[in-house]
Amino acid sequence: MIIFPFYNVVVVSFTSTKEYFEKSIVLFPTKPTLDAYRLLFKDGRLLVGYKTTLLIMILGLPINMFLTVSMSYGLSRQGLPGKKIILMLIVFTMLFHGGFIALYLVMMTLKLTNTIWSVILAYGINTFYLIIMRNYFMTLPEALVESARLDGAGEWRIMIQIILPLSKPIIATISLFYAVDRWNEWFNALLFIRKPNMVPLQLILRNIVIESILMVEASSEGVGSALALDKQIFPMGVKMAAVLVTMVPVMCVFPFLQRHFVKGIMIGAIKT
Amino acid sequence: MGKYSKNDIRFSSLWNSVWKARNVYMLIIPGLIWYLFFAYMPMYGLTLAFRTYKANLGIFRSPWIGFENFVYVFRDPRFFESIKTTLIINFGRLIFSFPFPILLALAINEVRVGRIKKVMHTIFTFPHFLSWVLVSGIMINFLSLDGFVNSIVKFLGEEPINFLGNQKLFLPFVFITATWKSAGWNSIIYLSAITGIDTEQYQAAEIDGASRLQRILYITLPNIMSTIAVMFILAVGRLMTEGFDQIFNMSNAAVRSVSETLDMYIYNITFRGAVDFSFSTAVSLFKSVINLLLLLLANRVLIWISGNGLFGSKEDLK
Chain A
1 MIIFPFYNVV VVSFTSTKEY FEKSIVLFPT KPTLDAYRLL FKDGRLLVGY KTTLLIMILG
61 LPINMFLTVS MSYGLSRQGL PGKKIILMLI VFTMLFHGGF IALYLVMMTL KLTNTIWSVI
121 LAYGINTFYL IIMRNYFMTL PEALVESARL DGAGEWRIMI QIILPLSKPI IATISLFYAV
181 DRWNEWFNAL LFIRKPNMVP LQLILRNIVI ESILMVEASS EGVGSALALD KQIFPMGVKM
241 AAVLVTMVPV MCVFPFLQRH FVKGIMIGAI KT
Chain B
1 MGKYSKNDIR FSSLWNSVWK ARNVYMLIIP GLIWYLFFAY MPMYGLTLAF RTYKANLGIF
61 RSPWIGFENF VYVFRDPRFF ESIKTTLIIN FGRLIFSFPF PILLALAINE VRVGRIKKVM
121 HTIFTFPHFL SWVLVSGIMI NFLSLDGFVN SIVKFLGEEP INFLGNQKLF LPFVFITATW
181 KSAGWNSIIY LSAITGIDTE QYQAAEIDGA SRLQRILYIT LPNIMSTIAV MFILAVGRLM
241 TEGFDQIFNM SNAAVRSVSE TLDMYIYNIT FRGAVDFSFS TAVSLFKSVI NLLLLLLANR
301 VLIWISGNGL FGSKEDLK
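Line order of the protein sequences matches chains A and B. Mapped onto our numbering, the consecutive letters of the first sequence carry residue numbers 1 to 272. Mapped onto our numbering, the consecutive letters of the second sequence carry residue numbers 1 to 318.
Derived from the structure by calculation, the hints contain no laboratory data. Be aware that one or more of the hints could be misleading.
Straight-line distance between alpha carbons at most 25 angstroms, and here's what the computed BS3-like set of lysine-lysine pairs gives [unchecked claim]:
| id | chain 1 | residue 1 | chain 2 | residue 2 |
| --- | --- | --- | --- | --- |
| 1 | A | 84 | B | 20 |
| 2 | B | 54 | A | 111 |
| 3 | A | 263 | B | 118 |
| 4 | A | 111 | A | 18 |
| 5 | B | 117 | A | 263 |
| 6 | A | 83 | B | 20 |
Computed footprint of chain A on chain B, listed as stretches where at least three residues anywhere in the stretch have a Cβ under 8 angstroms from a Cβ of chain A [as the list claims (entries may be wrong)]:
| id | segment |
| --- | --- |
| 7 | 42-48 |
| 8 | 55-67 |
| 9 | 130-136 |
Fair warning: this is a prediction, and the values are worked out from it, not measured in the lab. Glycine is no exception: its CB is placed at the ideal position from the N, C-alpha and C atoms.
The task is simple: from the sequences and hints, build the whole structure.
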């Protein structure tokens, strides 16, 4: 039940358009073909998407981790005046937010729309991950920090040289969560970015796969017209090739990292 | 005189501890700046609901007009319809999708071979890590007029079914795909609750000759009841926000009347129609407030039944 839709994607992407329409049920392509992939790469948009998404990850992940780690570590220290207020302000952002219209207008005010930074900065800190991380730091013995402080080490040095080496598992887990979120991100880009050469992968996929098909389905119900989009519509094989190419990185990495994801949700679950 | 000096001492000791912690503040400041710009500025931006938007003045300086935007919002029948749609879709999802992870956890737990268990676990959790763009791509392929399901329907000599453009089929389509995507991931919490159950109870039951089903009904289920309750309340708290990604990628013009949730409505009036940011922001503010109330309610109930709120116990915030 879970696997079959995936399998079908693979089959369709290797089936020629002719066979797709002629045979009633395709369980296995009689003559597997790479035509769909050739067409897809000739179109080139998907490559642009890959490039943009990689750029967002290369720039965005370090920012995510820097903001999250330093803030959660700072907030895990004892005897910090005003800590309670800061924590309450942070938790409040989980309960109440401005919504995407207000965020869009703020981005316009900051003149960040149509730059890669809008997408990177819109998702700077995930408060849920921040709290998970802080909970982890709270379990580390305070004596560790105190002795380093007596040796005259500054807070940044304590964090980098003493705390971080002890926190590898949680850092790995949270980085993974951020990486997956970044990979799957599309809505912020849809809002903020209008330049076709700066569109991330998921949004390209959306353009290739969803928009045109939904148009066709809608038009067969007598609403709208597919004619306007006729030229852009790819055969299903190409669409599924695009789906597969987007999915493959997650698919390759996932079985090895699943353990970490589960660990992450467990740490969070203990607190909820 | 004495009173002043006492205050002075208190102030200077506060100042001392602030000064002592100055380096810790440096750690927090980058994050705080982010929150200020990208969480609190949009929140303040919601005041646009009480202003009339002037492009040359921007969101923070446009003139105030009071509740006028809301007068228009409450006159728009599409607004009320979108609230109705949101409630129908989300309650439906709650009723339909909520039990599946529990059943799945019970089923996986009955698998005795460790390796098979692990492989099943991996396969079931995988779809959670795909975006809704991808998942709807997969589902559209599977269910389109020439897709696999319809090729079987045609093979059986029936007319192909238009799954995606049919108003009656849209809701089941949404519920089933949502379950397909996230049941595995959500079952993890239940699975861990099940692993935490004292094995002695099972051994005693086995000696008494209890069947598998009896063990599930009388030992496993009662033991994870509190987890189920917590998860249910959390799901209620998310009623207004969940599912935008999914609806956005699966809906189309043909099913608009059953798929335009509040978020979709906000998006459609802002980016697919005549732009009126004040109006959109008013709807957006309305949604955020309802959402806040729901979450606070969920939090109250959680504290009441389990002693822990949404954000852990009170001590966690110290």
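Hints and how they fare:
1. A:84 x B:20: Roughly 17 angstroms between the alpha carbons, so the hint for residue 84 of chain A and residue 20 of chain B holds.
2. B:54 x A:111: Given pair residue 54 of chain B, residue 111 of chain A holds - Cα atoms ~16 angstroms apart, limit 25 angstroms.
3. A:263 x B:118: holds (14 angstroms)
4. A:111 x A:18: Violated, at about 49 angstroms.
5. B:117 x A:263: It holds: about 17 angstroms lies between the C-alpha atoms, which stays within 25 angstroms.
6. A:83 x B:20: Given that 25 angstroms is the threshold and the Cα spacing comes to 14 angstroms, the pair holds.
7. 42-48: holds (count 6)
8. 55-67: holds (count 3)
9. 130-136: holds (count 5)
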